[in-house]
Amino acid sequence: MNFSTDVQASIMAILPEILMTVLAIAVLALDLVWSRARRRDLGYVAGFGLLAVALIVLLVGGPPGDETSDQLLLGGMIRHDTMAQIFRVMVIVAGGLSCLLTMGVSRLNVRGDFYAVLIVSVIGGSLLSAAADLIMVFLALETLSITLYLLAGYLREDVRSSEAGLKYFLFGAFTSAIALYGLSLLYGFTGETNIYRVGRALATGGLGDAPVVLALGLITVGFGFKVSAVPFHFWTPDVYEGAPTPVTSLLSTASKAASFGVLLRFLLAAFPPPELLGSLENVQDYSQLWVQLAVVLSVVTMTLGNVLALVQTNIKRLLAYSSIAQAGYTLIGVAAIATDRSGDGAAAIAFYMFMYVLTNSLAFGVVILFANATGSERIADLAGLSRRNPGLALAMTLALLSLGGIPPAAGFVGKFLLFRAAIDAGLVALALVGVVNVIIGLYYYLVIVKVMYMERSPDEDQPIPVSTPYTWALGIAAAGVLLLGTILVTPLVEWATEAAQSLYVLL
Amino acid sequence: MGTPEVAIELYVLLSAILFVLGAMGVLLRRNAILIFMSIELMLNAANLALAAFARQWGNGDGQLVVFFVMTVAAAEVAVGLALIVTIFRTRQSIDIDTLHMFKD
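Protein chains in written order, with our numbering: chain A, 305 to 811; chain B, 3 to 106.
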């Protein structure tokens, strides 16, 4: 397969990153020029800037023309296909919403440097969605991670924030060093760094299972950490609780979505199912290795996440364990992609992550507003929220219903697609475990709804105000969750299916 | 050339030993700086493997990766040391066992 050297196509392939780099520099420049009072508006520049980039990607960010090797650009570093487009849109939207949410955090909202680092983090996530080379995978993963270590520890005067930063950093650097060793082994086995070439060389190399299992296992540690799959989840509750809440929102949305995006591409390209390598002879099948791995990780991750979420009293910790469980559901789709030719599994993951990004941004937005107004992150203190601010309680309910998988919120469709893909791929038992887990999950999601609506609180007469940026952020996220669960289901599923099919080309 | 050839297996073996030493350091040490140094050791173990593989395959791709890994490691040092200094200022200690603000 050849790499395209078309200059215009190459620029279009990294257009989102170029635009975001300009945006980051513009935010830093405005930070210097503007007075302190005006700097409160920096969040609008960063937030709506990112949302505008997302819109541009949505409109013109698709692949050039046909699904051929022309999509491998910049020396094979970038694969410019529909899958990259859909994941880029969700990562950038998550970043934009996170910027708007930052405007409510008093010590961060006047700091242009914070927004600039946040945008760079989104650039890393966006590149990761399109990475098609071991070098690019590592580099984009680190661009995303290193900036997130910084963001998690940004509130230097707050011990919890710096501890969260350090903890995330030590875990992250450790797991990425392990993953790098796995990547270096892959290069050693094949002599190639482009993941599509790695896949072909590996399939015809006649290595046997043991070395491939070793490399795959090491790489799984790195990705498992990023998506917080059990047993690489230990950092998640602590970092989610300690980090500034907009960063927690970014961690649980953009970082996780981008990691799933690259995981899909990487597994299918580097360890392809042999039927997809049509023209080659004597190929070895390594795809069952990662399918089995994904099944095991999925079962452990969703079960442990849900069970531990049941006993939480802090809303951020509860959402942390909930996000672990959600990663487990998404891994069901990963287990389904190898055997499922129609691309339903990958499409389900893209849909699921899209709705999950909006849902979690919505939930964390409500949590920040509540914590700012009351200084509390305890679930019990949410009592009477429906009387203090009915709109806020409704938004939170919508987010929780979506996470729990109840219509009309988008989470229902997402879970349905994932379980259907698993059943189509012959993983009926896995789908059943998933359904049982959804029922466990419903319990703790609905308890919060009960606390907000049924329980009384002495503070009921104190309303919780919603500032303008929050109205925007929560409005966009809530509209997304609701529309993706109703009238926009078909367009998004079609887009996701097209994206999924593009994953299987080129192998 | 007069230098004797060293078999690729020996390079890979050395890199594997360095990697395991680094991983053990991360798991056994309690001082944040020492943990961090162990992580650097793991990154360099990967670098050694990459350079050795690049020589074996006769292409430059592996060495190219090494350059990027070194750059990333430098960025990690900048961020990691800053975080460690911040923790040290508030706690006068960088023992990771003292990081127990969070409870399950």
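Just so you know, not all the hints are guaranteed correct.
[Said to hold, decoys possible] Here are the in silico distance ranges between beta carbons for each label pair:
{"id": "1", "chain 1": "A", "residue 1": "G730", "chain 2": "B", "residue 2": "I35", "range": "30 to 40 Å"}
{"id": "2", "chain 1": "B", "residue 1": "L29", "chain 2": "A", "residue 2": "G510", "range": "47 to 57 Å"}
{"id": "3", "chain 1": "A", "residue 1": "P578", "chain 2": "B", "residue 2": "F69", "range": "30 to 40 Å"}
{"id": "4", "chain 1": "B", "residue 1": "N61", "chain 2": "A", "residue 2": "F538", "range": "49 to 59 Å"}
{"id": "5", "chain 1": "A", "residue 1": "F720", "chain 2": "B", "residue 2": "M26", "range": "37 to 47 Å"}
{"id": "6", "chain 1": "A", "residue 1": "S410", "chain 2": "B", "residue 2": "R91", "range": "42 to 52 Å"}
[What the hints assert, rightly or not] Covered, in the sense of this in silico footprint (three residues per stretch, anywhere, with C-beta under 8 Å from a C-beta of chain A), are these stretches of chain B:
{"id": "7", "region": "12-24"}
{"id": "8", "region": "58-66"}
[Claimed, not checked] Some chain B residues well away from chain A (every beta-carbon gap over 10 Å; in silico):
{"id": "9", "residue": "A77"}
{"id": "10", "residue": "E78"}
{"id": "11", "residue": "T88"}
{"id": "12", "residue": "T92"}
{"id": "13", "residue": "D99"}
No lab work stands behind these hints, which were simulated from the structure alone. C-beta: ideal position from N, C-alpha, C; glycine also.
Hint-by-hint comparison with the structure:
Distance hint for G730/A and I35/B: a CB-CB separation of about 50 Å, inconsistent with the stated range 30 to 40 Å. Between L29/B and G510/A the beta carbons are some 35 Å apart, a value that contradicts the proposed interval 47 to 57 Å. Distance hint check: the CB atoms of P578/A and F69/B are about 35 Å apart, consistent with the given range 30 to 40 Å. Range check, N61/B to F538/A: about 39 Å between beta-carbon atoms, so the 49 to 59 Å window is missed.
Here the CB-CB span from F720/A to M26/B is close to 46 Å, well matched to the stated 37 to 47 Å. Checked against the hint of 42 to 52 Å, the pair S410/A and R91/B fails, with Cβ atoms roughly 22 Å apart. Judged by the Cβ-Cβ criterion of 8 Å, the region 12-24 of chain B is covered by chain A as claimed, because 3 of its residues qualify and three suffice. Coverage of a stretch by a chain is defined here by at least three residues with a beta carbon nearer than 8 Å to that chain's beta carbons; for the region 58-66 of chain B and chain A the count is 6, and the condition holds.
A Cβ of chain A approaches the Cβ of A77/B within 10 Å, the least distance being about 5 Å, so the stated non-interface status is violated. Non-interface call for E78/B relative to chain A: violated, since the shortest CB-CB distance, roughly 6 Å, does not exceed 10 Å. Not every Cβ of chain A is farther than 10 Å from the Cβ of T88/B; the closest lies at roughly 4 Å, contradicting the non-interface assignment. Once the 10 Å rule is applied to beta carbons, T92/B is inconsistent with being away from chain A; the minimum gap is 5 Å.
With a closest Cβ-Cβ approach of about 12 Å to chain A, D99/B is found to remain outside the 10 Å limit, as its non-interface label requires.
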